[in-house]
Amino acid sequence: MLEMIIASSIKVVVVIVAVLTGCAYATYMERKVVAFMQHRIGPSYAGPYGLLQPIADAIKMAFKEDVVPDRVERITYALAPILAFVPSLLSFAVVPFSADFSLIGRQVTGVISDLNIGVLFVFAVTSLGVYGIILAGWSSGSKYSLMGGIRSSAQMISYEISYGLSIVGVILIANTLSMRQLVDQQDTILHWYIWKQPLGFLLYLTCAIAETNRLPFDLPEAESELVGGYHTEYSSFRFGMFFIGEYANMIAVSCVGTTLFFGGWHGPFLPAGLSVIWFLAKVFLFMFFYIWLRATFPRFRYDQLMNFGWKVLFPLSVLNLLVTGLIVLW
Amino acid sequence: MREVLRALINVFFKMPQGFMVTLKHVFKKPVTLDYPRQKKPMSPRYRGRHYLERYDDGSERCVCCGLCAAACPADAIYMEPEETANGERKAKVYEINLLRCIFCGFCEEACPEEAIFLGQDYEFSDFDRNSFIWRKEDMLVPHPRKENPLKRIIRRVRRVYGVPDAAR
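Protein sequence lines, in the order shown, are assigned to chains A and B.
In this text, residue positions in the first sequence follow our numbering: the first is 1, and each later residue adds one.
In this text, residue positions in the second sequence follow our numbering: the first is 331, and each later residue adds one.
Any given hint could turn out to be false.
The following residues of chain A were derived to be distant from chain B, with all beta-carbon distances above 10 Å [said to hold, decoys possible]: (1) Tyr28; (2) Val33; (3) Phe63; (4) Glu65; (5) Phe101; (6) Ser158; (7) Trp292; (8) Leu293.
The calculated DSSO-like cross-link candidates involving lysine-lysine, where the alpha carbons are at most 27 Å apart (straight line), are [stated by the list, open to error]: (9) B:Lys370 / A:Lys32; (10) A:Lys32 / B:Lys344; (11) B:Lys359 / B:Lys344; (12) B:Lys344 / A:Lys196; (13) B:Lys420 / A:Lys32; (14) A:Lys32 / B:Lys359.
Derived, one-sided and incomplete: chain B residues facing chain A with beta-carbon distance under 8 Å [what the hints assert, rightly or not]: (15) Lys344; (16) Gln347; (17) Gly348; (18) Phe349; (19) Thr352; (20) Val356; (21) Pro360; (22) Val361; (23) Thr362.
Calculated from the structure, these hints are not laboratory results.
These numbers come from a predicted model, not from an experiment.
For each residue, glycine too, the CB sits at the ideal point set by N, CA and C.
Can you build the whole structure from these sequences, using the hints too?
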């Protein structure tokens, strides 16, 4: 019992540190990749190749003055960034990072907590992120924030339906909700669920991008549209938490996507202890795709966005479910 | 039905084309110049900071006539003339306020002695307003013979090789 607690605590600490560092360097990666795609170089001044840029940003953010406007609702104003940031971290608790391996004589499982309803847990927890955004928009006491918060949360809940339905096809085929068993079933590249559920994967990807408020679905936070949207009235560390929460959400969605569709940590040549490298490589490719998408396409107008979510993605996800169900039955 | 077909073509053909365009640019050389390590050379007619020229024998060209101050649209030049030991008229005080100056080049065009020029330098930021009032000594070009840093070395080399000194 004690051994399990200690092992889990160590895993939790390692994962949280890795995720936060990943978020910080995701900002660096985004700036560099978008810059190269725009024919320029990104940050190159802070440290060699600009590698210390996230640290410089963090220090700047920590030293900024925390301006709290007069008309805010204090409690929810302070609570909202936390609510936007913590659910993305929670969903890392069930993601299988690597194969089971043995370390100094003990067996270590590659997942922090192997819930038998892992997938349901992930989707339930990411839905909580909407609370953070709408509370932030409302409690800021300004029209722009309220509009931005309402738009953003409406977008997120509309796309959550297709988000959930898109993976039900995978669950029907796999017959399990546990993330670890989903990965175990995808042991070779031919068994990856992306071949069996291509439409499901495309739907998942699109809805994930809409959930994380990224281009081309990022109207609620586009600076030219609504000043800053729901995080206009936040400064310094509170804004930092929204920002990191967005990147943590991106990484969480990438991790869940690789687990469900790309075979998690499976990959040739590497021993069981190092299979986390394949996992990280796949997540990295996912993130690169996110950033590549951002650099390439313009953003949806809000009515186009809602139209797309309800009239295109929802019927398609139901269709996917229908066809998968029929095939599984027969 | 036609919309479905068009949507499919968009997703599977047009969107990847868009992606390829951005990806192509990753492999091209970026156009960014690594300032301050690399600087872009300015054109020969660039109007940067001011220089007060000298004649070949080292005496200053400026006779403090006041035409540049009169021509200056921003009223940035201030001067006071004096009579030197040789009986010539030179400037006792010649100051340009670089914060007022708009770097238009009218003083360069107005000068009858071809004394003042605007050169290529544009990097003279500072933290204090007072340091932007430049005096005559800050803007004079170095004396061709007296302030030449290589002069001592050249003279030593000439002595070593027995070459007679150049005429003064």
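Now for the hints, and whether the structure bears them out:
no., hint, in the structure
1, Tyr28, "holds, 16 Å"
2, Val33, "violated, 8 Å"
3, Phe63, "holds, 21 Å"
4, Glu65, "holds, 23 Å"
5, Phe101, "holds, 36 Å"
6, Ser158, "holds, 19 Å"
7, Trp292, "violated, 6 Å"
8, Leu293, "violated, 8 Å"
9, B:Lys370 / A:Lys32, "holds, 23 Å"
10, A:Lys32 / B:Lys344, "holds, 25 Å"
11, B:Lys359 / B:Lys344, "holds, 26 Å"
12, B:Lys344 / A:Lys196, "holds, 24 Å"
13, B:Lys420 / A:Lys32, "violated, 57 Å"
14, A:Lys32 / B:Lys359, "holds, 14 Å"
15, Lys344, "violated, 11 Å"
16, Gln347, "violated, 10 Å"
17, Gly348, "holds, 5 Å"
18, Phe349, "holds, 6 Å"
19, Thr352, "holds, 4 Å"
20, Val356, "holds, 5 Å"
21, Pro360, "holds, 5 Å"
22, Val361, "holds, 6 Å"
23, Thr362, "holds, 5 Å"
In summary, the structure is inconsistent with hints 2, 7, 8, 13, 15 and 16 from the numbered list given earlier, while agreeing with the others.
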